[in-house]
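Number of protein chains: 4
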Amino acid sequence: MTIKIFTTGGTFDKIYFDANSEFHIGEPIAPALLEEANVAFDYEIESLLKKDSLDMDDADRSRIHASVETDSSNKILIIHGTDSMIDSARYLLDIPHKTIVLFGSMQPARMRRSDAMYNLGVATAAVQLLPAGVYLAMNGQILDPRKARKNHRLGKFETTDT
Amino acid sequence: MTIKIFTTGGTFDKIYFDANSEFHIGEPIAPALLEEANVAFDYEIESLLKKDSLDMDDADRSRIHASVETDSSNKILIIHGTDSMIDSARYLLDIPHKTIVLFGSMQPARMRRSDAMYNLGVATAAVQLLPAGVYLAMNGQILDPRKARKNHRLGKFETTDT
Amino acid sequence: MTIKIFTTGGTFDKIYFDANSEFHIGEPIAPALLEEANVAFDYEIESLLKKDSLDMDDADRSRIHASVETDSSNKILIIHGTDSMIDSARYLLDIPHKTIVLFGSMQPARMRRSDAMYNLGVATAAVQLLPAGVYLAMNGQILDPRKARKNHRLGKFETTDT
Amino acid sequence: MTIKIFTTGGTFDKIYFDANSEFHIGEPIAPALLEEANVAFDYEIESLLKKDSLDMDDADRSRIHASVETDSSNKILIIHGTDSMIDSARYLLDIPHKTIVLFGSMQPARMRRSDAMYNLGVATAAVQLLPAGVYLAMNGQILDPRKARKNHRLGKFETTDT
Numbered sequence: 121m122t123i124k125i126f127t128t129g130g131t132f133d134k135i136y137f138d139a140n141s142e143f144h145i146g147e148p149i150a151p152a153l154l155e156e157a158n159v160a161f162d163y164e165i166e167s168l169l170k171k172d173s174l175d176m177d178d179a180d181r182s183r184i185h186a187s188v189e190t191d192s193s194n195k196i197l198i199i200h201g202t203d204s205m206i207d208s209a210r211y212l213l214d215i216p217h218k219t220i221v222l223f224g225s226m227q228p229a230r231m232r233r234s235d236a237m238y239n240l241g242v243a244t245a246a247v248q249l250l251p252a253g254v255y256l257a258m259n260g261q262i263l264d265p266r267k268a269r270k271n272h273r274l275g276k277f278e279t280t281d282t
Numbered sequence: 121m122t123i124k125i126f127t128t129g130g131t132f133d134k135i136y137f138d139a140n141s142e143f144h145i146g147e148p149i150a151p152a153l154l155e156e157a158n159v160a161f162d163y164e165i166e167s168l169l170k171k172d173s174l175d176m177d178d179a180d181r182s183r184i185h186a187s188v189e190t191d192s193s194n195k196i197l198i199i200h201g202t203d204s205m206i207d208s209a210r211y212l213l214d215i216p217h218k219t220i221v222l223f224g225s226m227q228p229a230r231m232r233r234s235d236a237m238y239n240l241g242v243a244t245a246a247v248q249l250l251p252a253g254v255y256l257a258m259n260g261q262i263l264d265p266r267k268a269r270k271n272h273r274l275g276k277f278e279t280t281d282t
Numbered sequence: 121m122t123i124k125i126f127t128t129g130g131t132f133d134k135i136y137f138d139a140n141s142e143f144h145i146g147e148p149i150a151p152a153l154l155e156e157a158n159v160a161f162d163y164e165i166e167s168l169l170k171k172d173s174l175d176m177d178d179a180d181r182s183r184i185h186a187s188v189e190t191d192s193s194n195k196i197l198i199i200h201g202t203d204s205m206i207d208s209a210r211y212l213l214d215i216p217h218k219t220i221v222l223f224g225s226m227q228p229a230r231m232r233r234s235d236a237m238y239n240l241g242v243a244t245a246a247v248q249l250l251p252a253g254v255y256l257a258m259n260g261q262i263l264d265p266r267k268a269r270k271n272h273r274l275g276k277f278e279t280t281d282t
Numbered sequence: 121m122t123i124k125i126f127t128t129g130g131t132f133d134k135i136y137f138d139a140n141s142e143f144h145i146g147e148p149i150a151p152a153l154l155e156e157a158n159v160a161f162d163y164e165i166e167s168l169l170k171k172d173s174l175d176m177d178d179a180d181r182s183r184i185h186a187s188v189e190t191d192s193s194n195k196i197l198i199i200h201g202t203d204s205m206i207d208s209a210r211y212l213l214d215i216p217h218k219t220i221v222l223f224g225s226m227q228p229a230r231m232r233r234s235d236a237m238y239n240l241g242v243a244t245a246a247v248q249l250l251p252a253g254v255y256l257a258m259n260g261q262i263l264d265p266r267k268a269r270k271n272h273r274l275g276k277f278e279t280t281d282t
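Residue numbers (the numbering used here), protein chains in the order written: chain A, 121 to 282; chain B, 121 to 282; chain C, 121 to 282; chain D, 121 to 282.
Next up, chain A with everything else stripped away, as it sits in the complex (with noise of 0.2 angstroms):
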């Protein structure tokens, strides 16, 4: 079993950039993580986007909708900015026969504090664990994106009542 991991951007990716004294996307810090993490499964990583959530439209959302589609892999992680997380999960509800898990950070991996190590574990279990479906793997939490929403007070992800 291979996993998948598609990087798309987002804070999970960001980096402070000096000559304009903001953050920016930066190269997907997603290998460094798992050789850190020491991790013993095969998988495979590939840069889709390197966009701010917000800035996700329809032609990025089919673009990933395509590559999950095509892969060989049927345990796919896919690394998303958290502001339209939920919009491109449920634009993959239509793909059978895969577990496909999306996750983010709300601080950058390359912070000294940050959940992106953190979410990063919980994705990679998930993706083995949950059967086909497409979930959201945030603060510690295995959601349906279909009954999600991110609550920007706190800064957390949580199931709608419904």
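Hints in this document: simulated from the structure, not taken from any laboratory. Any given hint could be a false lead.
Since the list gives no way to pick one copy over another, a pair counts as held whenever it fits inside one copy or between any two copies.
Lysine to any residue pairs mimicking SDA-like chemistry, simulated, CA-CA at most 25 angstroms apart [claimed, not checked]:
#	residue 1	residue 2
1	K171	N271
2	K171	Y211
3	K171	F137
4	K267	S182
5	K171	R232
6	K171	D264
7	K170	M231
8	K170	R269
If you're wondering where the values come from, they're calculated on a predicted model, not measured in any experiment.
Use these hints to put chains B, C and D onto chain A, whose structure you have.
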């Protein structure tokens, strides 16, 4: 649902102690890691032991067994040194109706580079998703303690060929 | 001897703020860094401003000038954004009898990789060893603000030819 | 001006070595720290020894002495374990025409929290600013090795009352 976390020491909690230029088991770092991880689930942490895994004896394992068995939660995480983690896991196999996940780290959580935060992520997903039983969460894998060993040369846990 | 440390904001104190996916100036991190550095000298820290260096105006510089001039210590450190650090340094050149060292960082102190802690070390040595005057401590160099510039392309401060 | 940096081991370079669950002296981390510090001066790094400070003997000190004396640079940094740093510093007192600064750290540079990067900053400023002689740079202080001691209880260096 409240996840109960028992800490027992091990590499996970090691600090560098200048007075004798060696490591020691420090205070449990799990509370700080869970805050950094920005988790949304309820948990309780209890420090049972502060031991190097190789120093654990049957009295220690009895104590862990009793604590797990009588705890009101049926989702149990145990942070444990890696060298005798498998022995302790097997000692708990007779406990019914609880999902019990043991994990630790190869590098102390207080190192700049460590697998501790990642393993915490894997373990918290596993304890939520798996049925009752005893499991190990190391190196991004979920293992059955009856068929696992620590490969000291590779610094990784692996499944035995039974 | 007590070293007085004035903080004014800048990259040094930046945090990543999820609500708008941008950096902000956070609380001064100098107290945490000095504790981590295990220093043995006496110091006082005072937060004067929380500004991006490019937003500083003459009113701000007057305020810094007054604070430095009237402070009871004659060893002064100023943590300052890098883009207008030289301007602020020149503004202080008329203050007699005090050793004044300005520094900041190219990467926020809260990043995993940052020059902040190192620059703090260079600056605290410089303020103890140098005679009265105004100095910059950046990139491991001690510079005269009348003959220094920030090389934006290299991301480093350098001495001007003259 | 090129600063020459000799590494000799000590806590500064310690790693956690899982095979025997202890700390060991690892490869010199100074090159990585200087890159992270974004320094602009020229330097050369040479690994002389990889020893715990308490294991150093006169043969080691002779070797350090010879290396410093014959080096073409007259600005010398020595990264050294803290327990016998003062002895090694005194051994070098007869070397003329060179500014020699010894430093180390109480916590390994590879820990999340360490005084290593800060001490490197203090030392590199001291070696540039001080006249010929031998100095210690620890805890934000520049000390004369003939009048210094390590206070083990406080974990800090201090001046003796002679």
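*Using 25 angstroms as the alpha-carbon threshold, which applies to K171 and D264: within, between, both, or neither?*
For K171 and D264, only the intra-copy Cα distance (23 angstroms) is at most 25 angstroms; the inter-copy one is 40 angstroms.
*Homo-oligomer pair classification [F137, K171; C-alpha up to 25 angstroms]*: Classified as both: same-chain Cα gap 15 angstroms, cross-chain 17 angstroms, threshold 25 angstroms.
*Intra/inter-copy verdict for K171 and N271 if alpha-carbon distance must be at most 25 angstroms*: within (21 angstroms within a copy, 29 angstroms between copies)
*Please work out whether the CA atoms of K170 and R269 approach to 25 angstroms or closer within one copy, between two copies, in both situations, or in neither?*
This pair counts as within: shortest intra-copy Cα distance 23 angstroms, inter-copy 33 angstroms.
_At most 25 angstroms between alpha carbons: which applies to K171 and Y211, within, between, both or neither?_
within (17 angstroms within a copy, 41 angstroms between copies)
*Quick one: K170 to M231, C-alpha cut-off 25 angstroms, is that within a copy, between copies, both, or neither?*
both (18 angstroms within a copy, 20 angstroms between copies)
*Should K267 paired with S182 be assigned to within, between, both, or neither, using CA atoms and 25 angstroms as the limit?*
within (22 angstroms within a copy, 43 angstroms between copies)
_Homomeric proximity label, K171 with R232: Cα distance no greater than 25 angstroms_ = Cα proximity of K171 and R232: in one copy and across copies (22 angstroms, 22 angstroms).
No hint from the list above goes unmet by this structure.
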